[in-house]
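Please build the complete structure, drawing on both the sequences and the hints.
Protein chains: 2
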Amino acid sequence: MDIDRLKAQVSFITEIDKLKQVLRRTITIDQDRNENDAEHSWHTATMAFLLSEYAGEKEIDLLKVIKMMLIHDIVEIDAGDTYCYSDVDQQAKVERESRGANRIFGLLPGDQARDLHALWGEFEAQETAESRFAAALDRLQPLLLNFHTGGKTWKKHGVSKEQVLKRAGPIRDSSPVLWEYAERLIDEAARMGLLCR
Amino acid sequence: MDIDRLKAQVSFITEIDKLKQVLRRTITIDQDRNENDAEHSWHTATMAFLLSEYAGEKEIDLLKVIKMMLIHDIVEIDAGDTYCYSDVDQQAKVERESRGANRIFGLLPGDQARDLHALWGEFEAQETAESRFAAALDRLQPLLLNFHTGGKTWKKHGVSKEQVLKRAGPIRDSSPVLWEYAERLIDEAARMGLLCR
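Here the protein sequences line up with chains V and A, keeping their order.
The first sequence runs contiguously to residue 197 in the numbering used here.
The second sequence runs contiguously to residue 197 in the numbering used here.
Keep in mind the hints are simulated off the structure, nothing from the lab.
Watch out, some of these pointers could steer you wrong.
Computed spacing ranges between beta-carbons, pair by pair [said to hold, decoys possible]:
1) V:LEU62 - A:ARG103: 44 to 50 Å
2) V:LYS58 - A:VAL88: 46 to 52 Å
3) A:MET192 - V:GLU53: 46 to 52 Å
4) A:ARG114 - V:GLY121: 23 to 29 Å
5) A:ASP87 - V:ARG191: 51 to 57 Å
6) A:ALA118 - V:ARG5: 43 to 49 Å
7) A:ARG103 - V:GLY169: 34 to 40 Å
Partner residues are not named here, just some residues of chain A that face chain V (Cβ under 10 Å, in silico) [claimed, not checked]:
8) GLN9
9) GLU15
10) ALA38
11) PHE49
12) LEU51
13) ILE60
14) LEU62
15) ILE66
16) LEU70
17) LEU108
18) HIS148
Yeah, the Cβ is synthetic: ideal placement off N, Cα and C, and Gly gets one too.
Take a look at the structure:
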């Protein structure tokens, strides 16, 4: 047994417990509380294997997509969640997340640190079929939660239909079927008055 | 687009949001609050791909193990979490969980309902290498959390070293390396007074 290797892996596993404390703006469907990043990661990873038939690009590596969903927000332990409709300094956000990736993935043994850093970088770069499908799920999940909570978060932050359509863009780019569904849902949300004009 | 199929999938995806409300006895490392099943499922799924090298049986299907971790507790939306050291009626627990599986997996289109029901059944039956490794992770994760929270839950419920060793049995059955690590951790916990005599 390479005890140093296993200890490094366990130190990462206990460190990422903090993801359960990183709150998102989205609220859970049946509870009036904010969802956290660990819950969101579980939800999108589960969606990945239930909805993989809708990935528009053929031959996606489902295991890679699920791994991406599981780790895509880990950098937010250091960088914090950035609300998608807020006016943030993108360069500062990228730098915060990059430092977070270096520190947190760096807890792992070298080979796994490189693998996870590369997987996260692939997700961020949006240049592969897997990362595009992962991004589609990352956008579809809060859309479902916002719709099924009466648009509470949208109303609170004055979010418009145009903003939601733009934010959902990665769904269009990756999956025609999920995009058709998402567009209908956004139309219905607008008709129901869940979005600001 | 087969809209009925997609609607069934979405109804399952929104239903399982309730897993975020099923509280476990384990508490999160940095917060004084109970972990929920969605967080636990994310944590163990992530552990699956970080620790798969330690699966004692060769040729495990990692994608299957991760899928198992993601869905293994979904039946608890209906059946509730059963504390592992409580004196419960096992037969009643099995029946509750079976009814939960029928209802919740039954929301999915037929093929996926059968697949997920079978995957959950495989986890419960503990007859395959994948289900045994999944069970090992399901036991190792709360062990790590309990150790790193000063055994708070163990102390509260008067749990002994013998009980924890017995509960950790699936780790021994699946992974010699993780078992060696777990045994050391339990020994240390006992020396530190985190467990009852």
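Hint-by-hint comparison with the structure:
1. V:LEU62 - A:ARG103: 44 to 50 Å: Roughly 26 Å apart at Cβ, these two residues miss the hinted range, so it is violated.
2. V:LYS58 - A:VAL88: 46 to 52 Å: About 48 Å separates the Cβ atoms of LYS58 of chain V and VAL88 of chain A, which means 46 to 52 Å holds.
3. A:MET192 - V:GLU53: 46 to 52 Å: holds, 50 Å
4. A:ARG114 - V:GLY121: 23 to 29 Å: 37 Å Cβ-Cβ, so the 23 to 29 Å window is violated.
5. A:ASP87 - V:ARG191: 51 to 57 Å: holds, 53 Å
6. A:ALA118 - V:ARG5: 43 to 49 Å: Once the Cβ atoms are compared, 34 Å apart, the range 43 to 49 Å for ARG5 of chain V and ALA118 of chain A is violated.
7. A:ARG103 - V:GLY169: 34 to 40 Å: holds, 36 Å
8. GLN9: GLN9 of chain A check passes; min Cβ-Cβ to chain V is 6 Å, inside 10 Å.
9. GLU15: holds, 9 Å
10. ALA38: Interface hint status for ALA38 of chain A: holds (5 Å vs cutoff 10 Å).
11. PHE49: Where the cut-off is 10 Å and the nearest Cβ of chain V is about 6 Å from PHE49 of chain A, the hint holds.
12. LEU51: holds, 6 Å
13. ILE60: violated, 13 Å
14. LEU62: holds, 7 Å
15. ILE66: The hint holds - ILE66 of chain A has a Cβ within 10 Å of chain V, the shortest such distance being about 6 Å.
16. LEU70: holds, 5 Å
17. LEU108: Status holds, d = 7 Å.
18. HIS148: This interface hint holds because 6 Å falls under the 10 Å limit.
In this structure, the hints that do not hold are numbers 1, 4, 6 and 13, in rising order.
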